[in-house]
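Q: Got chain Y; can you put chains G and A with the ligands on it based on the hints?
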Amino acid sequence: MSSYRIQGATGEWEVVIGLEVHAQVTSNAKLFSGASTAFGAEPNSQVSLVDAAMPGMLPVPNRECIRQAVRTGMAIEAQINKWSRFDRKNYFYADLPQGYQISQLYHPLVGEGRLLIEADEKAGIPEDKVIGIERIHVEQDAGKLMHDQHPSMSYVDLNRSGVALMEIVSRPDMRSPAEAGAYVRKLRAILRYVGSCDGNMEEGSMRADVNVSVRRPGEELGTRTETKNVNSVRFVMQAIEHEARRQVELIEDGGTVVQETRLFDPGTGTTRSMRSKEDAHDYRYFPDPDLLPLELDDAFLDECRESLPELPDAKRTRYIEELGLSAYNAQVLTAEVETARWFEALLLETATAQGKTPADVAKQASNWLISEFFGALNKIGKELADSPVGHARAAELLALVGKGTISGSIAKQVLETMLETGDSATAIVEREGLKQESDSGAIEAAVDKVLADNADKVEQYKGGKEALFGFFVGQTMKAMQGKANPQVVNEVLRAKLA
Amino acid sequence: MSVTRETVAKIASLARIRMGEDELDRMVPELNSILDWVEQLGEVDVSGVEPMTAVIPQQLRLRDDVVDADPLTGGGVRDKVLANAPAAEHGFFGVPKVIE
Amino acid sequence: MSEITELGVKAIRDGVAGGEFTAREVAEAFNANVAAAAEALNAFIVATPDKAMEAAEKVDADRAAGKPLGKMAGVPIGMKDLFATQGVQTTAASHILEGFVPEYESTVSQKLWDAGAGMLGKLNLDQFAMGSSNETSYFGNVASPWRRSGGDNAVLAPGGSSGGSSAAVAARLCPAATGTDTGGSIRQPAAFTGITGIKPTYGRCSRWGVVAFASSLDQAGPMARSVEDCAIMLEAMAGFDPKDSTSLDLPVPEWSASLDADLKGKKVGIPREYRMEGTDEEILQSWDQGIAWLKDAGADVVDITLPHTKYALPAYYIIAPAEASSNLARYDGVRYGLRELPEGANLQEMYAATRAAGFGDEVKRRILIGTYVLSAGFYDAYYTQAQKVRALIARDFEKAWAECDVILAPTTPTAAFALGDKVDDPLAMYLNDVFSVPASLAGLPAMSVPAGLNSDGLPLGLQVIGKAFDEQGVLNAGLAIEQRAGFTAKPEKWW
Ligand SMILES: [Mg+2]
Ligand SMILES: [Zn+2]
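In order, the protein sequences belong to chains Y, G and A. Per this note's numbering: the first sequence = residues 1 to 498. Per this note's numbering: the second sequence = residues 1 to 100. Per this note's numbering: the third sequence = residues 1 to 495.
The shape of chain Y in the complex, shown without the other chains (with noise of 0.2 Å):
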């Protein structure tokens, strides 16, 4: 269990957290008209009739977004509801053409479902927690007001009025800022493994209605606020912190927390009320007469599952039980189905490049992506998805390795060569000429140099300074400017010693 606290002026407090995580389904066309959903267009350029609600105009659902939907659903182990139902959410705001938002209360079209948290020391989750999901539904987007190109007016842009949204709904499982950020996290991971959202958090394809309310630790649940439209996890976690104080000193200083909508103001890491939200909604839920029921198949069902991917979780387990890697490794390369997919490449292409299995260079492909690799991108400001290296041409820097043609230290240069100049690592070792020297002949010539050099040292280490082995192969390496194979120097250097 989690043990973070507010400390109060009166006592400890818990906060208890819920996340309505909206996430822009990925389809070329929007849920119910033809519109385009591209992100930056022209405004107003990806509207149709239908979403300008232009009188007379009606809804038709596109299938890839229940499809979407329901293998989002697949992926968190939620019931899908083969029988589901749009209803109709009213109020009157200016992003939002006919009055109304088609969205789904009464009968949803994914039922409850879980996602796994995992323990994180560091980050304050002790163990593995299971946050409880309690429905995802299919709705509409709203557009979009902007407030500063006129004096006196607001502008609207409805291009993303109608693309469609999943909203996933979160049981109120959460205790810590930083289980909230882990949710996140995970969620947006599941999304893009599964496909059904870029989760790109920048550009507005998911974002966060934070439900924060605090309570004397094993208290009844106290009132709760709902932070709208949080769009990063650094500010789900900022926005819970600076709310759950908020309510904390208020509830300390004799008031009430009064349940209410809230804006986050990412300058200032705050949370404020929302004037244009101000008065109490009541929003008339009924079932939308334009739709029928949403009858799903066995068959569409069954092809919904059938196209999911190993899912993080499962891949996890997997990498640890078949590949042996460690736990740290496993989680830092199934976090992102990019570094997954790139490292399953690269394993794939390192095994065939070395005539092995790749549970036979799982160890060395992923240490070397995790510590190498990364380090080398980071050190020039770039990501795997950017990375000049591909997954073919690590494969063949590695295999230069696994066959002893280069030192690993030698490959570390060879990488950041490979990196300033795209060229494969073979090309590189040819040219500067740095193949590894394995012919015991040549080492034999080098350590005798060495050790003729170095006769008092040898003395000490015969005297019983046996650490003073490690100067001997260092200076045999240097000899040799680093490409004798360390195996051999090792060995050569051991019987001449002895």
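Treat the hints as calculated values from the structure; they're not laboratory data. Note that this is a predicted model, so its numbers are computed, not measured. Note that the Cβ used here is the ideal one computed from N, Cα and C, for glycine as well. It cannot be assumed that every hint is accurate.
As the list claims (entries may be wrong) - Pairwise CB distance ranges (calculated):
| no. | chain 1 | residue 1 | chain 2 | residue 2 | range |
| --- | --- | --- | --- | --- | --- |
| 1 | G | Glu-39 | A | Pro-307 | 34 to 44 Å |
| 2 | Y | Met-274 | G | Gln-40 | 35 to 45 Å |
| 3 | A | Phe-240 | G | Asn-32 | 37 to 47 Å |
| 4 | Y | His-150 | A | Gly-99 | 41 to 51 Å |
| 5 | G | Gln-40 | Y | Glu-260 | 52 to 62 Å |
| 6 | Y | Gln-7 | A | Ala-381 | 23 to 33 Å |
| 7 | Y | Arg-216 | G | Glu-39 | 39 to 49 Å |
| 8 | G | Asn-32 | A | Pro-307 | 22 to 32 Å |
| 9 | G | Asp-36 | Y | His-281 | 23 to 33 Å |
| 10 | A | Asp-456 | G | Gln-40 | 49 to 59 Å |
| 11 | A | Ser-149 | Y | Trp-83 | 22 to 32 Å |
A: Chains G and A with the ligands in isolation, oriented as in the chain Y frame:
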């Protein structure tokens, strides 16, 4: 159940219809007579009856995920979308400034 | 040429195709009638004589070129102003849409133009199709062309909401017109004006581009002066539309070619609950007459029961306003139509001012009722209960179909009333639809056929209700009545 003047004012506000005092006064008895009358529905024994969801039994059809497949329901028609706007400005719909 | 305007859809189409007259001559004749009646009847909100001429010239040119002609080729029609017409103002008879010129054409109107019909103009109606007398139109009420015999010159209601359509067809301003029916808006005005109109099965005609009133009930249909003309026009209007999720994905039958007034082997159900108190004696007599005619046509007549009939109207007056309160939320002054922006008003105040100025009283009344019945704490008691009752009403019909093929009933409880008679009493006005609403709630095809005149010289209509998808059965029974009623009365011209 009958509605009070206050309720009617609340409903009118929820429906975003501005109503003067006179109009409210007129509306209250009118709405009450209609509501009184529809409340006879309460007499009907509906136990075990599901509310109607589709008048004619049929399934919801889903469309393919194709952009602008039908020009009548596709995008790229900004001029048409803005043609009747009371305040179209620089490709946007203009509304009184909203403070969030 | 004056007798051209006496012709119906089929006669005009065949006359044009056979070269008896040109489509141009037809359009000119009706354009003239439309213009002449503009003030007195107020049936049209906008006349579009050029559109009618343009379509006619195209038909004449196609005929001259030997091209195949459509089902409605050369027939100019009136278009209820609830259908969006590209480039022509579309208002739903509301101030809130005054000046709105759609950039799109409704599916149904497009199909009619594709079939060779031309548009004489946009017909007046009750505002947002809410009303039974056409008195809620922002553009003034429509006057029925009919007057009571005996010198009473009271202006009569043409019925509603398709009152412009009914008046125009009865007064020979057009051979046919489109209507829409949510709770009786085709059938009741047809009955009031001695014409024929059919509301097909829910989903037969696309709702795409038709200003929505109550989505689960709205259905377009033809209004004309004969059963056959309705059949022809319905063929042109109906058909699957992928843009409407509730559109029926079924082929359109050849209703007109299959018309058959021989009802041998058919069973006609007479619902005992329709013998309601308050129904005009002459209406009941005409119903009995209708029963006799259908027997004469070979049908067996059986008594049936539709036990929840009494609850149809109250259920309707929950469901329709609920849907309307939401459907009409889009009229907010942001993207089209009226905007009222008082000095210093914020967005929400602009909405409230715009909607206050833009909607008429009846529309406001229904929006408020709808908002109330959906609001927190009342939803189940009103809306859910109404949808359950609706399911029971549909079940009543289902059971009835075990015993009969079609149902015969009056269309309305009275003949046309005078304008102003019921305008201050919403409930009395609502009761007009008592016989038409049950079929609407169940989505069933239903039509009104003129049965004769009452003692005041006003038309009375009989209603035939059929099974879902069985427009043919409805049309056939309608034809049997039509043939026996021999209704040839027409309003005496006073305009
Ligand atoms: Mg929310
Ligand atoms: Zn939502």
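Q: Compare the structure with the hints numbered earlier in the document and write down the numbers of the violated ones, lowest to highest.
A: Numbers 1, 4, 5, 6, 10 and 11 - these are the hints that the structure violates, sorted from lowest upward.
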